[in-house]
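There are 2 protein chains.
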Amino acid sequence: MAKGIVARSEDYSQWYIDIIKKANLAENSSVRGCMVIKPHGFAIWENMKDQLDKMFKETGHVNAYFPLFVPKSLFEAEEKNAEGFAKECAIVTHYRLKNDPNNRGKLIVDPEAKLEEELVVRPTSEAIIWSTYKNWIQSYRDLPLLINQWANVVRWEMRTRLFLRTAEFLWQEGHTAHATKAEAIEEAEKMQGVYADFVENWMAMPVIKGVKTESERFAGADETYTIEALMQDGKALQAGTSHFLGQNFAKAFDVKFMNENNKEEYVWATSWGVSTRLIGGLIMTHSDDDGLVMPPKLAPTQVVIVPIPKPEAMIDEAAEKIIKALRSKGISVKYDIDPKNRPGFKFAEHELNGIPVRIGIGKRDLENGVVEVARRDTKEKESISLDGAVAHIEQLLEDIQQNLFNRAKTFRDEHITEVNDFKTFEEVLNDKGGFVSAHWDGTAETEEKIKELTKATIRCIPLDAKAEKGKDVLTGEPSNKRVLFAKAY
Amino acid sequence: MAKGIVARSEDYSQWYIDIIKKANLAENSSVRGCMVIKPHGFAIWENMKDQLDKMFKETGHVNAYFPLFVPKSLFEAEEKNAEGFAKECAIVTHYRLKNDPNNRGKLIVDPEAKLEEELVVRPTSEAIIWSTYKNWIQSYRDLPLLINQWANVVRWEMRTRLFLRTAEFLWQEGHTAHATKAEAIEEAEKMQGVYADFVENWMAMPVIKGVKTESERFAGADETYTIEALMQDGKALQAGTSHFLGQNFAKAFDVKFMNENNKEEYVWATSWGVSTRLIGGLIMTHSDDDGLVMPPKLAPTQVVIVPIPKPEAMIDEAAEKIIKALRSKGISVKYDIDPKNRPGFKFAEHELNGIPVRIGIGKRDLENGVVEVARRDTKEKESISLDGAVAHIEQLLEDIQQNLFNRAKTFRDEHITEVNDFKTFEEVLNDKGGFVSAHWDGTAETEEKIKELTKATIRCIPLDAKAEKGKDVLTGEPSNKRVLFAKAY
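Just so you know, the protein sequences line up as chains A and B, in that order.
The opening position of the first sequence corresponds to residue 6 in the working numbering, with each subsequent residue numbered one higher.
The opening position of the second sequence corresponds to residue 6 in the working numbering, with each subsequent residue numbered one higher.
Looking at chain A on its own, in the form it has when it is part of the complex (with noise of 0.2 Å):
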């Protein structure tokens, strides 16, 4: 166990926020609720970004940037059809500061510079981007819109905790238009596929596909799919939503167009988006007592080299030499020279920072031909042959990011327990975690009961749930299907 990081087994809220400290990837900042990035985390968040953005992209959209600030009225707008939407936001009132005439040195918000209208900090851009998308289209021939925009946003949460709730987050949001329902259905089944690919094959972290029930569905949408992951104190992570909105956005902003038939139509919607929470996910399915676990795809850096005890110029020599062959592999590697700290120091911060593999160099064994080669997933080490160094390196770091999402999978597994009383329900939920799967009769009323009961909320109906005739677990109804009830992040 790590200095400074308490074990998961004793306090596993307190471990993830060790881990964030100790692995520098983010903090508090002195503006409630809103956290600093720090260089370590955003590297990881660069390249779930890179690799996001090139998936969007490959599946036909573009990016734009829209406003910041959302007008308090295009809300009342919105209104209308999403009663539930949460109003807990930044509100901008005033746009200038002066001088406080009775208080040298202080600023005070000048009356005189009060806003008409007031903005809200854009907390999703729902009403912005449609009654833009008024202006864009008025003919079938301007659909599809394929919009995603990368951008931040500001819900004012109470309880907030790094990466997995923050007052502002980053998130990218898609924004599709489309003149049928059932494009803007395939578009919205497209996406949560595009997110559990890269949820499941970058973070290697598995996830269960399915929608969400009415009274857990965004509140303009029609349905809302989703992933679901497993985190290790088997509590749930919802890790990203894609939702077809049918024609309710459309309709509160006024937005038709002509169809082929030159008939009017209102447009067809989908709004899709993952945040900086992932970040959150990741560190809790990987991590371990002793640090961040990172998938090698990606790790800001994959490969360290630690020279044994110190650089000298044989080693320097074989160090050189990988560097120069897993960089033209395009794997990124550093060469830690750092005369301040012995190698065993070293060995624990880059296992703190969860760089996936580690080579030790020292000269007895390059007398021997060989290298040290460290995983970070089960700390194994191995003697491997210098000739053989990359090509093993190469092959390894494949084997982690599969050994990461086997383990992942094998615990989540583990963890979906069917149950058929409400008894047992509650012996899982509390003794084991985990998803738990049992009929439910369908009913707003029971999904709350339940909740108010045992604090677990469904977290979707999978979409392989299979036909089976069965009684809701709470009030024996019946039921034809199974759902996945958990307590979650």
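Among these hints, one or two may not hold up.
Since the list gives no way to pick out one identical chain from another, each pair is judged satisfied if it fits inside one copy or across any two copies.
To be verified - Straight line, CA to CA, 25 Å or less: simulated DSS-like cross-link-like pairs of lysine-lysine:
(1) Lys62 / Lys329
(2) Lys386 / Lys27
(3) Lys334 / Lys59
(4) Lys62 / Lys27
(5) Lys334 / Lys386
(6) Lys8 / Lys27
(7) Lys471 / Lys486
(8) Lys460 / Lys437
(9) Lys326 / Lys62
(10) Lys186 / Lys256
(11) Lys111 / Lys92
(12) Lys302 / Lys59
(13) Lys240 / Lys456
(14) Lys119 / Lys103
(15) Lys302 / Lys54
(16) Lys119 / Lys92
(17) Lys261 / Lys27
(18) Lys261 / Lys345
(19) Lys268 / Lys186
(20) Lys339 / Lys27
(21) Lys256 / Lys103
(22) Lys351 / Lys339
(23) Lys428 / Lys476
(24) Lys460 / Lys92
(25) Lys456 / Lys486
(26) Lys345 / Lys268
(27) Lys62 / Lys302
(28) Lys26 / Lys261
Honestly, the hints are just simulated from the structure, not real lab data.
Given chain A's structure and the hints, the job is docking chain B onto it.
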């Protein structure tokens, strides 16, 4: 002259607006002073950002992210040494909306959700970043900190102009911390060099490197390094600035470190930024009465292929071959098979959008083994053998990049006029425009007086200004070098 674009000679301001509109780069939003950057405009920004980010990383910088909001009190700390700081900012005073009890369907700001301390939407991030650095820096071992942020910022500008001056804009802001004055100055100068390299070699915009006079400096800076470009209407554009901040922010936020001699010292600082304003400069430097002209290195689409008059097997085959070969060289190509429009219409569209190279492929030409290649910058067309087309185009893109730079540099050089008396100074400014190179007595009073009389400001004291005895163009007081005056955006 393209439809919907007024000639530059007729109305330069309107021409600029027309280009942005017709090339679908950006538009005003429903939020005062905030723009929507449309996909075409944003693709240009992405290309600029990618290249700048690469250059920042190559010079040792890392990215991070700091909060959007700055508590008002942090501005008060800064205010002490930055009296001139603009106070036109967006100010968040409340954190909740609620339904208006007296007006169904309307929202009001909840008076009970008033913030104890107002938050300012960052107009720049020195305050929030230096209040954070305070906790990151204890010893010389923590230095230098070389951090950059890509972000949106807001300044409540009264008169806005798409890209050039908007309330919200996108930018990058580097904020570095150093142990010595010399190192900080070196950093500020290095980043001015990076900006000049980017703007000249990627944007094909020639710039003059210089320093600002004291009255034109950033409020918290001891020295502001600038790069100044010249637009086609003879007005200057400040394209990027890099500030040596001395110990001003370290003192305002009490950021000290133990130096190698175990003595406590204030930290030395720099900051540097470029913004979406550069897109405005790019448009105004190269474009013409037919639309946008893009330097190939930043063009979202570098080559477009138009089948003449429409796609058919033989043409498709030739096009596919060229596309494959160009893409393998990293050149972006679009094959315009839109059946709705005829070639002439497409040619005009692609000219309007500034695609550097257009290839027309017709059946008869193909039978003769040639294709037609047109360049956007000069409008020249050539018949090129099919076999040599790819190599020709690769070279042509380089030629266009170079030609745009040369053309802009010739124009710029022709518009630097040495002037020794005030009557000529005024005549040159009014009749010819451009930079006026004149002697200045070094006083803020004279600078201000000239500004009042002519609207021209001192754009910079060029780094390469040679020692030359002379007399101030207005006062006749002695001077030992020329500075550059101009009217500016």
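A quick look at each hint next to the structure:
{"no.": "1", "hint": "Lys62 / Lys329", "in the structure": "between (31 Å within a copy, 19 Å between copies)"}
{"no.": "2", "hint": "Lys386 / Lys27", "in the structure": "within (24 Å within a copy, 62 Å between copies)"}
{"no.": "3", "hint": "Lys334 / Lys59", "in the structure": "both (20 Å within a copy, 19 Å between copies)"}
{"no.": "4", "hint": "Lys62 / Lys27", "in the structure": "between (35 Å within a copy, 24 Å between copies)"}
{"no.": "5", "hint": "Lys334 / Lys386", "in the structure": "within (23 Å within a copy, 42 Å between copies)"}
{"no.": "6", "hint": "Lys8 / Lys27", "in the structure": "within (9 Å within a copy, 61 Å between copies)"}
{"no.": "7", "hint": "Lys471 / Lys486", "in the structure": "within (6 Å within a copy, 84 Å between copies)"}
{"no.": "8", "hint": "Lys460 / Lys437", "in the structure": "within (15 Å within a copy, 75 Å between copies)"}
{"no.": "9", "hint": "Lys326 / Lys62", "in the structure": "between (36 Å within a copy, 23 Å between copies)"}
{"no.": "10", "hint": "Lys186 / Lys256", "in the structure": "within (14 Å within a copy, 60 Å between copies)"}
{"no.": "11", "hint": "Lys111 / Lys92", "in the structure": "between (31 Å within a copy, 12 Å between copies)"}
{"no.": "12", "hint": "Lys302 / Lys59", "in the structure": "both (14 Å within a copy, 20 Å between copies)"}
{"no.": "13", "hint": "Lys240 / Lys456", "in the structure": "within (14 Å within a copy, 65 Å between copies)"}
{"no.": "14", "hint": "Lys119 / Lys103", "in the structure": "both (13 Å within a copy, 19 Å between copies)"}
{"no.": "15", "hint": "Lys302 / Lys54", "in the structure": "both (12 Å within a copy, 23 Å between copies)"}
{"no.": "16", "hint": "Lys119 / Lys92", "in the structure": "both (21 Å within a copy, 14 Å between copies)"}
{"no.": "17", "hint": "Lys261 / Lys27", "in the structure": "between (53 Å within a copy, 23 Å between copies)"}
{"no.": "18", "hint": "Lys261 / Lys345", "in the structure": "between (67 Å within a copy, 22 Å between copies)"}
{"no.": "19", "hint": "Lys268 / Lys186", "in the structure": "within (16 Å within a copy, 70 Å between copies)"}
{"no.": "20", "hint": "Lys339 / Lys27", "in the structure": "within (19 Å within a copy, 48 Å between copies)"}
{"no.": "21", "hint": "Lys256 / Lys103", "in the structure": "between (42 Å within a copy, 23 Å between copies)"}
{"no.": "22", "hint": "Lys351 / Lys339", "in the structure": "within (12 Å within a copy, 50 Å between copies)"}
{"no.": "23", "hint": "Lys428 / Lys476", "in the structure": "within (14 Å within a copy, 95 Å between copies)"}
{"no.": "24", "hint": "Lys460 / Lys92", "in the structure": "within (23 Å within a copy, 47 Å between copies)"}
{"no.": "25", "hint": "Lys456 / Lys486", "in the structure": "within (19 Å within a copy, 77 Å between copies)"}
{"no.": "26", "hint": "Lys345 / Lys268", "in the structure": "between (74 Å within a copy, 20 Å between copies)"}
{"no.": "27", "hint": "Lys62 / Lys302", "in the structure": "both (19 Å within a copy, 20 Å between copies)"}
{"no.": "28", "hint": "Lys26 / Lys261", "in the structure": "between (50 Å within a copy, 22 Å between copies)"}
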